[in-house]
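With these hints in hand, go ahead and build the complete structure from the sequences.
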Amino acid sequence: MFKRLRENPVEAVTITVDGSALKARAGDTVAAALLAHGVSHVRTTPVSGAPRAPYCLMGVCFDCLVTIDGVGNRQACLEPVRDGMRVETQHGKRKIGS
Amino acid sequence: MAVRASRGNFALVWVQTKGLGLPDYARWTVHSSNSWATFATELASETGIDLHFQRPGGFHLCLSEQELEARKQIITRFHNQRGGTDYRIDFLERDDIAKMLPDIGPDVVGGSYCPLDGHVNSLKLFRALHLALSRLGVTYLPNHPVTAIGRRGGQFEISTPHGTHDAGKIVLAAGNANQALAPMVGLVAPMKPERGQIIVTERVDPFLHFPLGTLRQTDEGTVMIGDSREDGHDPSGSNIAINSVMANRAVRMFPKLARLNVVRCWRAIRVMPQDGFPIYDQSESHPGAFLATCHSGVTLAAAHAGTLARMIVDGRLDEAEVGAFSARRFDVQAVA
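Those protein sequence lines, which keep their order, are chains A and B. Its first residue numbered 497, the first sequence is counted upward by one per residue in my numbering. Its first residue numbered 122, the second sequence is counted upward by one per residue in my numbering.
None of these hints come from the bench; they were simulated from the model. Where hints are given, some of them may not hold.
Stated by the list, open to error - With a straight-line cut-off of 25 Å between C-alpha atoms, the simulated DMTMM-like cross-links for lysine to aspartate or glutamate are:
no.: 1; chain 1: A; residue 1: Lys589; chain 2: B; residue 2: Glu186
no.: 2; chain 1: B; residue 1: Lys220; chain 2: B; residue 2: Asp326
no.: 3; chain 1: B; residue 1: Lys377; chain 2: A; residue 2: Asp565
no.: 4; chain 1: B; residue 1: Lys377; chain 2: A; residue 2: Glu584
no.: 5; chain 1: B; residue 1: Lys220; chain 2: B; residue 2: Glu186
no.: 6; chain 1: A; residue 1: Lys519; chain 2: A; residue 2: Asp579
no.: 7; chain 1: A; residue 1: Lys591; chain 2: B; residue 2: Glu186
Claimed, not checked - Which residues of chain B face chain A? A partial, calculated answer using Cβ under 7 Å:
no.: 8; residue: Glu323
no.: 9; residue: Val325
no.: 10; residue: Arg337
no.: 11; residue: Glu341
Idealized CB from N, CA, C, for every residue including glycine.
Below, the structure is given as C-alpha cells:
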C-alpha cells in the first residue's frame, strides 16, 4: 500500500519483527519501516482486542505501540531503526516484565 | 481535576480498620460489604453493565519497622474495641505476604490482610447508577445549585437559579455541600473537605490480584496509585511532591511498577464529615426532609441503595440501625 518516493542509495539497516528479518533504511522510524513492508497492524488493544496500526505518525495518538528490545508500549513512530533492533508486535495488554 | 468525588474515586469497597472510634461504623461497613455482590448483580441486570466487583480480600503493606509497629497497634486497638463487628484482620509477616503477592519488593517488612476487602470499577458504577435512575424515570438536573428550601402547603419548595421544584419528601445527599443545605431544613452537617491525588499507569497484564488501600490494578489493567490527603476544597493544580512520594512508595512495594509509563494524574475533593463517619438524619422541624452524607460512598453504596433507601421510603430512620450516625453526636456542650 505504501511506496517509497525514490530508491535513494541510503544505508540499509536490518531489524527483526517478531523474529523475522526486515530490511529498513537508516533514518526510517520503526513505524515507517513496518508500513513500507506492508504490515497492516502492529498491536491489538488491551481491552477489546481490536487491531491497531500506526496512525498519526507524530507521537500523539499512541496507536503504534510495539515492544522494542524487550520494552513494551514504545511508540514506533518516534523510534528510529537501529541495526539489530528487535521489534515485537503486541497482543492485548503489555506484560509488566517487558 | 474533579470537584466531585464520584468522578475521582479510588474504587475500593473497603472494610479493614474502618470503625475505629465508632463500632457502629464497623458494623454498617461490613453490612454494606456483605450486600455488595447482590447490589452489583442487581445493577448489572438492570443496566447490562458489569461493575467488576471482586472481594478477594485486601492488604495494607508496611515499609519500615515503625510503620509495622503502628499498624499492629491500630489492629490491636480495633480488636479490643467493644460493640462492633469483630471481623478478621490478619497480621502477616513478609514471607506470608509474598505467597499471595509474589512481586513485593525487599522494603516490604509486613502488613495486614482482611478477607472482606474488595474493589469495583467505580466509573462503571457511576454510569450504571445514572442509567438505572434514568430507566426508573428519575429526572437528573445537574448544575442546579439549591439556594433555598421553603415550605408551601404540605410540600417543600426548592429554589435554584433555573427555577423552583416541589417535592413531598427531600433527601440532602450533596456531599460537602450538605453543610450549607442542612440548616435550610433544621439539620447540621459539619464537613471537612479533603483533597486527594491519584496516579494512573498504562494497562498491563494482571499481576496484582489483591487490592491495597493505596494501590490497585483495575479490571482493564491500569494500576492506580493513591491515597494522599490534604485539607482544602480547591481541586485546581496538582502537588507534584505528593505524587512523587506516592510513586516512590508504590515502587518500593512493587519494584516492577518502575517499568510502567504513567498516563494520567488527577486530583479530586473527598466528601468528608468532620469526624470521618457518615451522617444520616431526618429533620424534626421539617418532617419529610432527610440528610445522608459520608466519605466512603462506594463502599457504602450497597447499604445506601438497600437498607437506607428503604428507611427513607418508609419515612423513618431506624434508631437501632443508623441512630449512631446522627449529627447529634457533634452536639457536645463545652465544659468551662
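Hint check:
1. Note on A/Lys589 and B/Glu186: the hinted pairing is violated, with a Cα-Cα distance of about 36 Å set against a maximum of 25 Å.
2. The straight-line distance between the Cα atoms of B/Lys220 and B/Asp326 is roughly 19 Å, inside the 25 Å bound, and the hint therefore holds.
3. Only pairs whose Cα atoms come within 25 Å are accepted, and B/Lys377 paired with A/Asp565 is accepted, the gap being roughly 17 Å.
4. Simply put, B/Lys377 and A/Glu584 have alpha-carbon atoms about 20 Å apart, close enough for the 25 Å limit, and the pair holds.
5. The suggested pairing of B/Lys220 with B/Glu186 holds, with an alpha-carbon distance near 20 Å, which does not exceed 25 Å.
6. A C-alpha spacing of about 9 Å is found between A/Lys519 and A/Asp579, which places the hinted pair at or below 25 Å, so the restraint holds.
7. Only pairs whose Cα atoms come within 25 Å are accepted, and A/Lys591 paired with B/Glu186 is rejected, the gap being roughly 32 Å.
8. The interface hint given for B/Glu323 is met, as the beta carbon of that residue sits about 6 Å from the closest beta carbon of chain A, less than 7 Å.
9. Because the smallest distance between the Cβ of B/Val325 and any Cβ of chain A comes to about 5 Å, under 7 Å, the interface hint for this residue holds.
10. Given hint, B/Arg337 at the interface with chain A, is violated; its Cβ is 14 Å from that chain's nearest Cβ, farther than 7 Å.
11. Contact between B/Glu341 and chain A, as hinted, is supported at the beta carbon level, the nearest pair being about 5 Å apart and thus within 7 Å.
Of the numbered hints given earlier, the model fails hints 1, 7, 10; all others are met.
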